[in-house]
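Assemble the whole structure, with the sequences as input and the hints as a guide.
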Amino acid sequence: MIGPMVRVLSAATLPRMSRVSKMLRRGARLLVTVLLTSAPLLAMQPPTGAATDGFVPIDQLPPQEQLPAAPLLITAYAVVWVLLMAYLWSIAKRLRKVESEVETLERRSAGAARR
Amino acid sequence: MSPIRVALLILKKDFAIEVKSLEIVSTTLFFAVSCLIVFSFAFVKEGAPVQDAAAGILWIAIAFSGTLALGRIFERERYGETLRALLLAPAPRPAIYLGKLFGMVLLMLSTEVVLVPMVALLFQAPLFSRPLLLIVLLLAGTVGFASVGTLFAAMLVRARTREIMLPILLYPVTIPVMIAGVQGTSALLQNTPDEAMATMWISIVTAFDTVFLTFCLWMFEPLMTE
Amino acid sequence: MQNFFLPVFGVTALMFAVAPFVIANAPYESTMLLVQKIFYFHVPAWFVMFTAIFISGVYDAIYLFKGDRRADRIAAAAAELAVIFGLMGLVTGPLWGRKAWGVWWQWDARLTMALLLEVIFIGYLLVRKYGGPGSEKLSAAMAVFGMLNVPFVYISVNIWRTVHPRTSVVPTLGPGMFGAFWFSVCAFMLLFVLLMALRVRFEHQRAKLDDLYLAEET
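Protein chains in written order, with numbering that gives the first Met the number 0: chain W, 0 to 114; chain B, 0 to 225; chain U, 0 to 217.
Hints are computed from structural coordinates only; laboratory data are not their basis.
Since this is a predicted model, take the numbers as computed values, not measurements.
Wrong hints could be hidden among the right ones.
Simulated crosslink set (DSSO-like; lysine-lysine; CA at most 30 Å straight-line) [unchecked claim]: (1) U:Lys207 with U:Lys65; (2) U:Lys128 with W:Lys92; (3) U:Lys128 with W:Lys96; (4) U:Lys65 with U:Lys128; (5) W:Lys96 with U:Lys207; (6) U:Lys207 with U:Lys128; (7) U:Lys207 with W:Lys92.
Listed below in structure tokens is the structure:
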């Protein structure tokens, strides 16, 4: 998802300037990529001050310092779903493999018995 | 023959072999001391030890050297192919486990005899302010660690990956011993030793010992049959 | 197995499809507000994990003393699911704690115990996978000890300060939360039953495969 966004953004920020060398454009694209990918990471950084040094009851925090809850909730939900789907996929794959192998072996042994 | 006599006979046999070479005792002891020295680099700042580090250092050194010793006590049986003979002996299986456990506890205690004064000296810890409580705590913790450890070590004798499997199995299972040991020791290390707290941790380890020792004795038989 | 699998699958899928709406409609908690909604899948995940650990410990004890290989297969399936659901709990927990406590992790009683049980059962899976011949018995001992460890870890870490909501939260839930919570628990339990069925079937098929290979060799 980030790839196309970078392309769009870098196209917007760097309009067709024939003088701009390829290297400069590549550097700008890299910069935009870094910024785009690090933005969520920076957002996850703990806020400085009261919230990190321990254990402040939530009702004492002024509202503007509070973390938005929605991303945390959505992440938690997404993690549960991703884990579940990944596990289902893995178990289905393993099961299919073993079952096909059992089938092959059974066919082979049946064939051997007939002979 | 009563199980206790069988156990003591096995202990006597292992002791007689060990006394000749002192291989396990010396290597375990040296390893424990090297552990302490490594910790001293991590936990001593500007010449003074970090506060409250002594209890943790002592118990980690005990656990690490204990793991090393556990790997060795069945190694001789494996080299000499004598484990099968031991298991075939007309003796109850739990007695064999008990004999090995006695040996293991003695070995760990002999290491601790050196470790505790060294920790007291090197990390300026007043470990001898309540000697009796400390001895009981060390004894209970050692029995708890060794009971689970001896069982796992015996089971792992035939496994190819035993060096790595032993700590993987042992450390998570013996965490209660470590928590109680460290917390109890640090309660004793305070300026005014907290005897009530230490006694409570001792009772927790003793309960752990009772439950796990019973289960180990009970499980040794089905675990060692092929 | 086929005859019960499909209906249960249908019901579970339906419940999981409805669950977001049920959770969204449940009332907000007065101090933790929106983030408290993690509760509706955090706690059910732990319920499932403890059920799985219990099943694993009991069936592995049966395996050790009776030598029944089928019991071992059920225990192995349950252990794997315990790790998966434990992982769900361990990931959703810090996300909740980040908001409610201000930190991702606390060395609190329940958190420590959960982490430790997760480590024990990951160890179980590692031993089973890489332990070589005879690893079933080793891992079985691990599961039994893991189960036995629960009360000890609980007691020893409970002496430390606890910040985690107490278990008494669950029976005293308000009317709107009560329904949503038990709905989620039922959905997770049904999911567990389904996954267990799949996983046990896999173990059986694998055992069958081993038998077939053995028969072919002889």
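Hints versus structure:
1. U:Lys207 with U:Lys65: 21 Å, holds
2. U:Lys128 with W:Lys92: The hint holds at about 18 Å.
3. U:Lys128 with W:Lys96: 18 Å, holds
4. U:Lys65 with U:Lys128: Holds, because 23 Å separates the two Cα atoms, which is no more than 30 Å.
5. W:Lys96 with U:Lys207: Holds. Lysine 96 of chain W to lysine 207 of chain U sits at ~13 Å (cutoff 30 Å).
6. U:Lys207 with U:Lys128: Measuring from Cα to Cα gives roughly 18 Å; hence the hint holds.
7. U:Lys207 with W:Lys92: 17 Å, holds
Violated hints: none; the structure is consistent with every hint.
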